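S.K.: Spelled out from the first residue to the last, the chains are:
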Amino acid sequence: MSRIVINNATLPGSDKKTSLYIDEGVLKGWDAPAGLVDAEVIDASGLVACPGLVDLRVHFCEPGFESKETLASGSIAAARGGFTTVVTMSDTHPPIDNAGMVEFVLRRAREAASIRVYTSACATKGMQGHELTEMAELKEAGVVFVSDNRRDIESSAVLRRVLEYARMVGLPYVAHCEDADLTGKGHMHEGYWSTVLGIPGMPRQAEEVRVERNIRLAEMTGAHIHIQHVSSAGAVDTIRRAKARGVRVTAETCPPYWSFTDEMVQTFDTNAKLNPPLREASDIAAVIAGLQDGTLDCIATGHAPHTPTEKEVEFAHAPFGCIGLDTALSAAITYLVQPGHLSFERVIELMSAAPARVMGLPAGTLEPGGPADLCLVDPEQPWTPTPADLGSRSRNSPFLGKALVGRVKYTLCGGRIVHYAA
Amino acid sequence: MSAAPHTEREIQWTRRHLLGIADLSREEIETVLDTAPQFAAVAKRKSGIKKVPLLTGRLAVNWFHEPSTRTRLSFELAAKRLSADTLAMTTSASSVVKGETLHDTLANIEAMQADIIILRHDCAGAPHILAASHTSHVINAGDGRHEHPTQALLDAFTIREHLRRKTGNPEASLDGIKVTLVGDIEHSRVARSNILCLNKLGAQVTLCGPATLMPARVEEMGARVCYDLREALRGADVVYSLRIQLERQQHGLFPSIREYIRLFRVDHDSLRHAPEDALIMHPGPINRDLELAADIADGPRSVILEQVSNGVAVRMAVMHLLVNYGGAV
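Quick note, the sequences are listed as chains A and B, same order.
The first sequence begins at 84 in our numbering and counts up by one.
The second sequence begins at 2 in our numbering and counts up by one.
For reference, chain B alone in the conformation it holds in the complex:
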């Protein structure tokens, strides 16, 4: 561990909810990243006791209105390692049919004295409208195509840890590094949160993918758009591959899997144009050999599993900050 334990420093945090990277300042992002290492250490304790008593007696509800496996597990594990009680709730179109609104569902959860609501929802803004009118701490675990803030935070943390290890500089930051996101930008909340987060941390973002999956005027969010993968990979410190959903092809957004692979797959061929030590990242789950070649995903440059481990630590940091510094419920 490089930096002094955070408990010896003054933590500046007042935010009650984590709704999106858009709301966060660079300082707030760095506070999360600086708080995460102690929680990463919890998982590696020699004693094997991977738990701290920071949220004892608190109730964290994992409310997933859209299927998810890894994000749900990651949040649940993070809450458990903080000693919170956890409930998992899956809702779907069926409860909409029953006629219960988002507000009613949350009111019911809050009536059970929930402290933290972790919401995954297929509609952009769902956590925002709940946070505006309810008392619990709301964490956005992905809202439609809009934001997935904890993913962007864990990605930034992963990149920063790697930079610090590689350079030996415990203060190394993302300033000036080049990150290229490849794939379906249009439908990706991971891309949106990462564009915002990386910009706030001083990194340069390049987006690459089919024009049909590139959102309107995305350059204005602070990114370079490039349709030639080789050009996009040139000089990249990080190559971030995004999941491509097969149904996009069926909806006519690109001609064929074959052509997608030819133009946009991150593999040995295309990576010849990137620096040799470029990191390979992916938010999971991977379509092996579609957007990312299997041997690259499993290769020495890949930090994909580190992203998963770091995800738990970063989510622990977020919950700790929101509840213990972001004001009482």
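Same shape as in the complex, but just chain A:
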């Protein structure tokens, strides 16, 4: 393994220039030893050396949906976005709901992925919401958390059992919160724009009532519940109050929920079709306040690839979801740091150390003696993403064509350069 010296970098929150000396995949220290001749040298003038970013929720679609994404293509997208550690979701085909599937995915990831890929597993067999998965064995196989992915568990009694059992084996339960009766056949947020566009709406209360229910059951059982993709003001409020009374709840939001409102649907761009849906300015304000006061613990992308063929259809026929790995940090710099809502340093923490802490992953920090997982970021470079910039096999990003600020120039994982942008 080659030695790398990175010169003239700064660290998040500091103006002081420093070097980073990397050998055998490890960050050895802040200065290269004197007389070093065989090292690759990176001039990081103007760049900030950040810990490799951590994403708790990506859909890498393998096995079963390889036309959308694979462990290999997904990890390219991750590297382009500065991510060196991700947890992939279990709504593959077949679903990751047993230890054999976990072993398969982890082996494929070791073979094909350029970054560190962990996996989650289903909370119920086949994501059917009825029978518990073998969580003890899943935990031994290396699963980070259990989740029925983009499905809420309909039965409160089943959810209670899931939470009791997950707590016993020491796995967090990651919840998608949606009253599917209330969202019905909706395709966007219910509000002024759904009325104008004549598109059936999904009221924010569908998210909020289930955030409340799911947290109440976590509180009852003592389990660690993590709330996915928080999008509504009421959900932030419910989580804040639960934390205040000591419930073991953590939560995350995703870039679209602080960047865009439901107004974006007016062009019928299916990349703006998400679940939960893009909501209103008041929800964005609440999501940002949640990130500021720690109600929302971290940022995830929920990277959900769909092929152009699947997305270039009538709005009502398009699947929900967007990709996010390639553009997440830029979206955070553009819409959180630039307007002054959060510092750059805090954004990096929300995308590295904070998510690692939520799930107990050995990642997200940059310290001598630790793995050389890092990204070099130009926090001021403007760019406008085009499909050619995306590492993902899919193109379904609402950030395409948007004027963004901040770009990941290099990503190193275990001391290997896995991404470089000219």
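Source of the hints: derived by calculation from the structure; they are not laboratory data.
Just to be clear, a hint being listed does not mean it is correct.
Said to hold, decoys possible - Short derived list, chain B residues pointing at chain A, Cβ under 7 Å: (1) G126; (2) R193; (3) R218.
Bear in mind that the values here come from a model prediction, so they are computed numbers and not experimental data.
All residues carry an ideal CB built from backbone N, CA and C; glycine is no exception.
Dock chain B against chain A, hints included.
M.R.: This is chain B only, laid out in the frame that chain A set:
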């Protein structure tokens, strides 16, 4: 005919597609309404030759992805009276099963050198996504619950013609008149396009129907919402009844037909609260005696059949403007 023939005036029109009333300015709406009378006259020619050579050699494709009878006939007749060639195509869920996308279907139609695509589709925005990436002129003939622009234009034309006849003022406009729409607002593209169109023309819109069929924050589109039909009809110059679909009751959106009739039917009883000369309109097809009493639909205040005749003229005007003024294909 009051105004001078439009050909003597400069027509201001650059739009290639008619996707929705939302895109149109008041001036554009008035251009359509001012262009329609000459086409209404074509149907009434003494010679009986109900045809003009304005779209000779052009191909208009009526693409209906959702069942429709009157709108399809109206567009087809409008195209034929303009001397265009017409093709009718009905697609349905079956072609979705075969796997052909909306874009592929249109690409195939365009490969046959179609000039005008008239699309009725069950999904909001379908004509918009086609217009964004294809070359032909796209006319929205109704997209889901979203818009039905030619319906709103023919409704405005019908109201304006009536006002002009009644007042004897050839310049009479819709400014300040009161229009009450009654029925299922939530599922109605006719309601949405009419709210937009009537607002742009200066009319005041009141919406009346069950709360379960009233869309969220519809007031912000420029309408007063009123759940009491008698109150909603007070002072109305136009009472516009919307079709109520029986399946809405089965889906639990209102308790019974009986109660719907009791609260929201436009009939002699409820119309006692409206001015005596209020116009009665309906986009068709009517559920007789459900949302609208049969004798009212057939009565002297009803202009429902005028709406149908005017529909052809207004659609002729739209096609003429899009193709002959809205830029070459």
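S.K.: All the hints need checking, so say for each whether the structure fits it.
M.R.: Hint check:
1. For G126 (chain B), the interface hint holds, the least distance from its beta-carbon to any beta-carbon of chain A being 3 Å, beneath 7 Å.
2. Against a cut-off of 7 Å between C-beta atoms, the interface hint on R193 (chain B) holds, since the closest Cβ of chain A lies about 6 Å away.
3. Annotation: R218 (chain B) was flagged as interfacial toward chain A, and the flag holds, the nearest CB pair being 5 Å apart, inside 7 Å.
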